[in-house]
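With chain A's structure known, arrange chain B on it following the hints.
Taken in order, these protein sequences are the chains called A and B. Under the numbering used here, the first sequence has 221 at position 221, and the numbering climbs by one with no breaks. Under the numbering used here, the second sequence has 1 at position 1, and the numbering climbs by one with no breaks.
One thing to keep in mind: the hints can contain errors.
[To be verified] Here are the simulated DSBU-like cross-link-like pairs (lysine-lysine), alpha carbons at most 30 Å apart as the crow flies:
#	chain 1	residue 1	chain 2	residue 2
1	B	K187	A	K187
2	A	K205	A	K187
3	B	K187	A	K92
4	B	K92	A	K187
5	B	K92	A	K150
Hints are computed from structural coordinates only; laboratory data are not their basis.
There are 2 protein chains.
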Amino acid sequence: MDLVLNFQDWPTFAEGRLSSRCLISQIEVHGFIQRCLTAVGAKPHHARSLADVLVEGDCRGHYSHGLNRLDMYVKDIQTEICAVDGEPVVEKESAATALVDGKNLLGPVVGNFCMNLAIAKAREVGIGWVVAHGSNHFGIAGYYAMQALKENMIGMSFTNTSPLVVPTRGKERTLGTNPLSIAAPAKGGDSFVLDTATSTVALGKVELNDRRGEPIPDGWGCDPHGKITTDPKRVLTGGGLVPIGGSEATGGYKGYGLGMMVEVFCGILAGAQYSKYIRTWKVTDHVANLGQCFVAVNPENFAPGFNARMSDLLSIQRDQNPADPGSPVLAAGDPERINMKKCEEMGGIPYHINVIKYMNGYAKKIGVNQLLPCDKIVSI
Amino acid sequence: MDLVLNFQDWPTFAEGRLSSRCLISQIEVHGFIQRCLTAVGAKPHHARSLADVLVEGDCRGHYSHGLNRLDMYVKDIQTEICAVDGEPVVEKESAATALVDGKNLLGPVVGNFCMNLAIAKAREVGIGWVVAHGSNHFGIAGYYAMQALKENMIGMSFTNTSPLVVPTRGKERTLGTNPLSIAAPAKGGDSFVLDTATSTVALGKVELNDRRGEPIPDGWGCDPHGKITTDPKRVLTGGGLVPIGGSEATGGYKGYGLGMMVEVFCGILAGAQYSKYIRTWKVTDHVANLGQCFVAVNPENFAPGFNARMSDLLSIQRDQNPADPGSPVLAAGDPERINMKKCEEMGGIPYHINVIKYMNGYAKKIGVNQLLPCDKIVSI
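If we strip away everything but chain A, and leave its shape as in the complex, we get:
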C-alpha cells in the first residue's frame, strides 16, 4: 500500500476539520499533471484529457480521484501497460449506438471520445448509447455524464472496476465498486448530478477508519466469512466492501443488483474484462481492458419544459424542512457544487501538504523540473 493511498479519502471541507493545506490554482495543477504525463510519453492532447478529469475531481472534493492518483496513471504509461499511440476506434455503429475499441488508451481519452459520440447521436436521434472495451481508469464517472449538461442533455456513464465487492450471501470479491453517474440539466446552470459507487462506500473510507482506529458503521463491509463487520481491519484483510444497502435484511441485494447492472452495461455488453477477471486493484501486471458505457438522452425529443420541471424537482427536495435544522436537504451534486464554490472563492484547490510533497518527489524522478508550488498555506 503506497503513501498516496493514505490521502485517498482525506476529509474534505464538509467534515469541518481544521488543517493546513497548500492552495494551488487549477491552472498550475493542470499544467503539472500534463508535464508529468508527457514526460513519460503521453501525447499532449491525451495528457490534457486526463488533467481535465483529475482537476475536476479535486475541485469537486473527490480527492481520491484527482491529483492523488496521478502516479497510478504515470506508472501505467511508463510500464507500457497503457498505450500512448493511436486513438479510440468505432468498431460497430448505428444511428443511436456504437461499440468502441479504446485501444488501451488512457481512460479519459476513451471516455471523452465515447461521450462526445453519444452526444452527437443524441443530437440526431434523441439518444446515444456507446460502450467501450479496451479502456482504463477514467477518473470520476460524473465528469463524462456532465459533458451532456453543456448540450442541455441528460448524461450517464458507467464503468466496471477491479473486484472489491462481495455479493449478498457470498464471501468472494466478485464485483467492482462499479460506479454509475447520471447528470440532468435544470434551469440557469443548475443540475442534478448523481455520481456514486454501487458499494456502500469506497475502500478509502474503510482505510481511513482503520488508520484512525475507529470502527466502521454496520453495512460498510464484511469479513472473510462474508459476515457484516464493524472492524475495518477485517474488511481490508480478506473481507470486502458490500453493496449499497448493506446486509440482506436492509436491502443489500438491491445494491448487489445495481452493481451487476453496471457490469452488464460495461464488461458484458462491451466484451471487455468483467467481474472477478478484472485485474486486482493496484496490481498492474497486465492490461486492464475495462468496459465502460456512456449515454446521452436529449430532452428535446420528449416533453417540452424539461429544465423547469428539473428545477422544481430539485427545489421540492432542497426547500423542505430538514430533520436537523443545521443540515439542509441536498440534491445529488450539491456537496460538490459547494466545494467548487469554495475553491473559486479561495482561488485554488487546497491540497494536503504531504500529497504535494509526494507528487513533487515523484515528478522529479520522472524528470519533471517545474513542480507544484506550495507557497500559499491556508487553514480549512
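Here is chain B on its own, set in the frame of chain A:
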C-alpha cells in the same frame, strides 16, 4: 386501509411458514381478472393486458402486485378515474425515441404499447427509449423489462409512484418508491432480472411487521421528524420509507439519488405528474397521470457473445461458496424463478383463502358470477 392491503406482503414460500392456501390455476385467475374488468367496462384486450401482468406478479411471488390489487384497478375504471376508450398515442418520435400519451388508460396497456415500441426501435437502431405520460399503475416493473428477453435484448422499465419516501436529511414524503427494472438474457433461457423499488422496502413490509407487533430493522423507515426508527407505527403515522441504503451514514443518499434518477426518466422527461404532486397512495380522487420509461437495448449492436458472458457472470456469483451454507448466493430474478417453478410443480398459484373470499365477494358486487374456485387446498 382496506382488507386487501392486509395481505399485500403476505409471506411467500421463501419464508417457509406453513399455512393453508387455495391453489388456483393461472388460467382460472387470468379469466377471473378479465371478467371483473370487462364487467365494469374495460375493453377485452385491455383487460387481458392487465390480467397478464397481475398473474405474472403472483407467479413470481409478488402477491402485493397481483390479484391482490385487482379491486384497485376495477375501482379506477368504475369511477372513471381511469379511461377505457382509445389506445396510447405517439406524440413525438425519432428512430430511437418516442414520447407517448398513455391517454389515461390502464397502466399495462400503456406499458405494453411503449415496451413494444422500444423493442421495435432497438431492432432497427440498437436502442429504443420510450417515455409515457398519462399512465396509471402498471403492476410489476419487471414484466415490461422481461418482454425484451423474448427478443434476446436487454430491457428496462421505470415508473414514478405516489409519494411515500422521505429524502435523506428531510422529513417530508417527496418521492415515490420509484421502482426500476432491468432484465438481461443469458444462455438457454436464463436471465438476470432486477426489479426493485428505490426505497429499502415496500410499505407493505412495514405494515406486516406492525401487524405482527415486531420492530422493523434499522434503515427501513423514519418517523415524522425524519429520524430512522425501528417502530413501524411511527413510519406509518406521519413518517415514511427511506431510500435504499437507509441513513446518511450507511449510504441512504445513494438510494435517494437513484429514486430521483427514476423520477427524471419518468415524470420529468415525460411531462407527467412528479414527486409530491402525484396523488396520495390509495386516494383516487383525480387522475394519476404517472410518468413511465421503457428501454430496450439490442446486444447485437455491441460485442458478440453477450449471452455467454451473461451466463458466466451469473455463474460467478451463484457458484461461489456462500457465507451461510444453507443460503446459496442468488442472482437478481432467482427468487422469482424458484417461485415460478414451485407454482408449475403445484399446478397453480397458492393464494391465502381470505384473499380469494374477498375477491369473490368483490366480484359478486360488480355482477361477476363465475368466481374463483377454492376447492384445492394446499399446505405450503
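Checked hints:
1. In summary, the hint linking K187 (chain B) to K187 (chain A) is not supported, as the alpha carbons are separated by about 45 Å, beyond the 30 Å threshold.
2. Straight-line distance between C-alpha atoms of K205 (chain A) and K187 (chain A) comes to about 34 Å, which puts the hinted pair past the 30 Å bound.
3. Note on K187 (chain B) and K92 (chain A): the hinted pairing holds, with a Cα-Cα distance of about 23 Å set against a maximum of 30 Å.
4. Taking the CA atoms of K92 (chain B) and K187 (chain A), the gap is near 23 Å; set against the 30 Å cutoff, the hint holds.
5. Simply put, K92 (chain B) and K150 (chain A) have alpha-carbon atoms about 24 Å apart, close enough for the 30 Å limit, and the pair holds.
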